[in-house]
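Based on the hints, put chain B in the right spot on chain A.
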Amino acid sequence: MNTFRKILAAAVACMLLLSACAALAEGETVINFWHHYSAQSAENETLMNVLIPAFEAENPGIKVNAVSHEWAELHDKVLVSANSNALPDVARCDIAWLPEFQKMGILVALDEEMADFADVSGQLLDSAMSTAAIGGHYYALALNTNSKIVFYNTAMLEEAGVAVPATMDEWAEAVKALSGENANGQQVWGWNEPALAGWNICPFIWSFGGALTDPDQTVATGYVNGPQTVKAVETFAALVQAGAITGFNAGDIPMTDGFGTGRYAMMLEGPWKSAELAGAYPDVVYGTAPIPAGEGGSTSVLGGEDIAMFNTANREAAWRFMQFMTGEYAETEMAKCGQIPVNKAALESDTVKNADYAPFIEAIQTARARPTVAAWSEMDNGLQVAMTAIVNGEKTAQEALDELAAQWDELLK
Amino acid sequence: MIQKSRVNRAQLFALLLPGLLVFGMFTVYPIVRLFWMSLCDMRFSSMLTQPFAGLLNYRQVFGDGTFWMVFVNSVVYTLITVPGQMVIGLFIAVLLNGIKRFSVTFRVINYLPVVTSWVIASLVFRYIFNTEGLLNHFLWKVLGVTSGNIRWLDTRWSGLSVAMILGIWKGIGWNMVIFLAALQQVPKDLYEAADIDGCGAWKKFVCVTLPGIRGTILFALIELTIGGFNVFTSIKMITGGKPAHQTDTLLTWMYYKAFSTGQFGYAAALSFVMALSLGLLAIVQFRMMRSREA
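Chains A and B, in that order, are what the protein sequence lines are.
Counted from 1, the first sequence has number 352 at position 352 by my numbering; the numbering is strictly sequential.
Counted from 1, the second sequence has number 229 at position 229 by my numbering; the numbering is strictly sequential.
Keep in mind the hints are simulated off the structure, nothing from the lab.
Beta carbons are placed, not taken as given, at the ideal position from N, Cα and C, and that holds for glycine.
Careful: at least some of the hints might be erroneous.
[As the list claims (entries may be wrong)] Short derived list, chain A residues pointing at chain B, Cβ under 8 Å:
id, residue
1, 73
2, 100
3, 249
4, 251
5, 253
6, 349
7, 351
8, 355
9, 356
10, 377
11, 378
12, 381
13, 384
14, 385
[Unchecked claim] No farther apart than 25 Å at their CA atoms in a straight line, the calculated lysine to any residue pairs in the SDA-like style are these:
id, chain 1, residue 1, chain 2, residue 2
15, B, 203, B, 181
16, A, 413, A, 135
17, A, 77, B, 40
18, B, 141, A, 186
19, A, 395, A, 241
20, B, 141, A, 187
21, A, 77, B, 107
22, B, 203, B, 227
23, B, 141, A, 254
24, B, 141, A, 243
25, A, 103, B, 39
26, A, 413, B, 181
27, A, 336, A, 66
28, A, 336, A, 123
[As the list claims (entries may be wrong)] Okay, the calculated beta carbon distance ranges per label pair:
id, chain 1, residue 1, chain 2, residue 2, range
29, B, 116, A, 187, 26 to 36 Å
30, A, 295, B, 79, 25 to 35 Å
31, A, 234, B, 289, 53 to 63 Å
32, A, 281, B, 65, 57 to 67 Å
33, B, 277, A, 135, 36 to 46 Å
34, B, 123, A, 234, 29 to 39 Å
35, B, 137, A, 295, 55 to 65 Å
If we strip away everything but chain A, and leave its shape as in the complex, we get:
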């Protein structure tokens, strides 16, 4: 028994000593950085083998401990860690998560605490930085961005004698003209829309000149049920009912397969789709174009990631790392792996100008972010339910959007 106790005590002592050594090596500061670059990706390679070594060489005394998570897992992990006081210093967050995190009170208001915030954020795109602005303060730096543009099947448009639509009127005509049956007797659709959420419907609402809320994001009545929004939704729903738009039903052909096999003529998608198509359907010939312009211009939806600091962070070291990650060097390196930069200098580089995603950069300048409010996920669900009722003909667009506006007003309070 005694011997066993001694061994146990010795083992515990060793473990304590080891962990103490690791943490305290020469007064180093360790920055914990959580991200969702997938572990096998080129982005992760660049992060681990190029960016972090470069940062550590520039900033002796700071070590970066980068941890890769799955996208959804990272979100939940942050919530759980907030409860148990085990947050990282810095994380790469989907822009949709920031309002939630901000409302939890775990993010640092950078414009308040960092003296040189204006200089740093001034180097980044305004449209992308708008995703980090919540209630008058900035809680993150934009890290990378994306948006959606029109992908069209060149052969299908040529066969139908349809030009690439430049306006929303032309779009509605084209979508209808491209639908019907192909030579094999299979049904084809002019447009694919894989869901009826804000990410899918907002580009239409905005391009038609509609809106979701007032600019301050405090009220929805008069905006999400305003005449322009209703017109956008009615146009969309009419095309669904005419059998010209599909993709959001459980039994539909998946988007990439449908587009790759010539069943969907057009779709609105992000830069990742090029790589997906090249992998799965290398033979399909397609072109890209901006989303057709309506009364609200050509306005797509903004996606992407921000880099945020948590309130338990070592402020100074974390801020340096955030500046590094959004700086020209790191943004250009990440641009080589397909991440669209938000750093204005990096956007001017040849790497970016010659990249596959060059057509997206124009769309990003005019694209808009979905509402940056904590209740967005709930609002988004309400929008999907309303859109489903409209396209299925259970309610008129005006009825469903009036109800939605009342619901959103409550959520925005």
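Here is chain B on its own, set in the frame of chain A:
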């Protein structure tokens, strides 16, 4: 003598302690914590503070139209899949009980769906029932009995029906095995007595077999009812709740509320409502069985 029994008791306690600890930590504590969560306004935006909210979450659950829709979905799913599995399972068990050869082969064949992974079976069902799936191809292009693709997965009841067919298909084997075991316990002399009384096969089944396996029927009924209310994987994989939650069931809706919108308080209240309904249902089922016994 007294001292010895004390030692025995201490020994007993020491032996039970590990089990009790595990039970307490992983069953009792989570339930108590969950109940507390259901009384707090616990959502993404208040994870750190968790203010006490009384019955707010319960009011929200009962005042929510989507809750009632998914509740009805779960009830319908259970009402159809539970009798479906039991009747077909019992039928096959009776057939198997009567044959001497190939009994094992048939048992294995009928049990195979049970050991198939839910995820894989759900995916296969999805491919079969897709708008351009196997079934539509067969009905339209091979048999020619339809004149176009039917959108099986795109509406509330047809989407749920696909999940129900999967649920029944996958549950038959389990029912067959436990009913087969029960059938073999029914005393043979009762059948002989029934023969002497001049009972036909159906009469024997109703008057001898069914009362003889009553306990097993009750067991299966309760297990399957709980299972029916717990349906998750197939719904998630086949329709994903589309269109607009119309095919969601209690668990997929709870999952959505907790992990997609972060309303943990609502989800906790929902799980308590569900546990209570299941408890009540089990009591009712016990009562029904007992009153028949009397």
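Quick rundown of the hints versus the structure:
1. 73: violated, 11 Å
2. 100: holds, 4 Å
3. 249: Holds: closest Cβ of chain B sits about 4 Å from residue 249 of chain A, inside 8 Å.
4. 251: At 4 Å from the nearest chain B Cβ, residue 251 of chain A passes the 8 Å test, so the hint holds.
5. 253: holds, 6 Å
6. 349: This interface hint is violated because 38 Å lies over the 8 Å limit.
7. 351: Constraint on residue 351 of chain A not satisfied, violated at 36 Å.
8. 355: violated, 33 Å
9. 356: violated, 30 Å
10. 377: holds, 5 Å
11. 378: holds, 5 Å
12. 381: Since the shortest Cβ distance to chain B is 7 Å, the answer is holds.
13. 384: Holds, because the Cβ-Cβ distance from residue 384 of chain A to chain B comes to roughly 6 Å (cut-off 8 Å).
14. 385: Check passed: Cβ of residue 385 of chain A comes within 4 Å of chain B, closer than 8 Å.
15. B/203 x B/181: holds, 21 Å
16. A/413 x A/135: With a Cα-Cα distance of about 13 Å, the restraint between residue 413 of chain A and residue 135 of chain A holds, given a limit of 25 Å.
17. A/77 x B/40: holds, 21 Å
18. B/141 x A/186: holds, 12 Å
19. A/395 x A/241: Roughly 13 Å between the alpha carbons, so the hint for residue 395 of chain A and residue 241 of chain A holds.
20. B/141 x A/187: Holds, at about 14 Å.
21. A/77 x B/107: Distance of about 45 Å is beyond 25 Å: violated.
22. B/203 x B/227: violated, 32 Å
23. B/141 x A/254: Satisfied, since the Cα-Cα distance of roughly 22 Å is no more than 25 Å.
24. B/141 x A/243: holds, 21 Å
25. A/103 x B/39: holds, 21 Å
26. A/413 x B/181: Judged against 25 Å, a Cα distance of about 61 Å means the pair is violated.
27. A/336 x A/66: holds, 20 Å
28. A/336 x A/123: holds, 19 Å
29. B/116 x A/187: 26 to 36 Å: For residue 187 of chain A against residue 116 of chain B, whose Cβ atoms are near 32 Å apart, the range 26 to 36 Å holds.
30. A/295 x B/79: 25 to 35 Å: violated, 51 Å
31. A/234 x B/289: 53 to 63 Å: With Cβ atoms ~56 Å apart, the hint holds.
32. A/281 x B/65: 57 to 67 Å: violated, 42 Å
33. B/277 x A/135: 36 to 46 Å: Once the Cβ atoms are compared, 41 Å apart, the range 36 to 46 Å for residue 135 of chain A and residue 277 of chain B holds.
34. B/123 x A/234: 29 to 39 Å: At 36 Å between Cβs, range holds.
35. B/137 x A/295: 55 to 65 Å: violated, 44 Å
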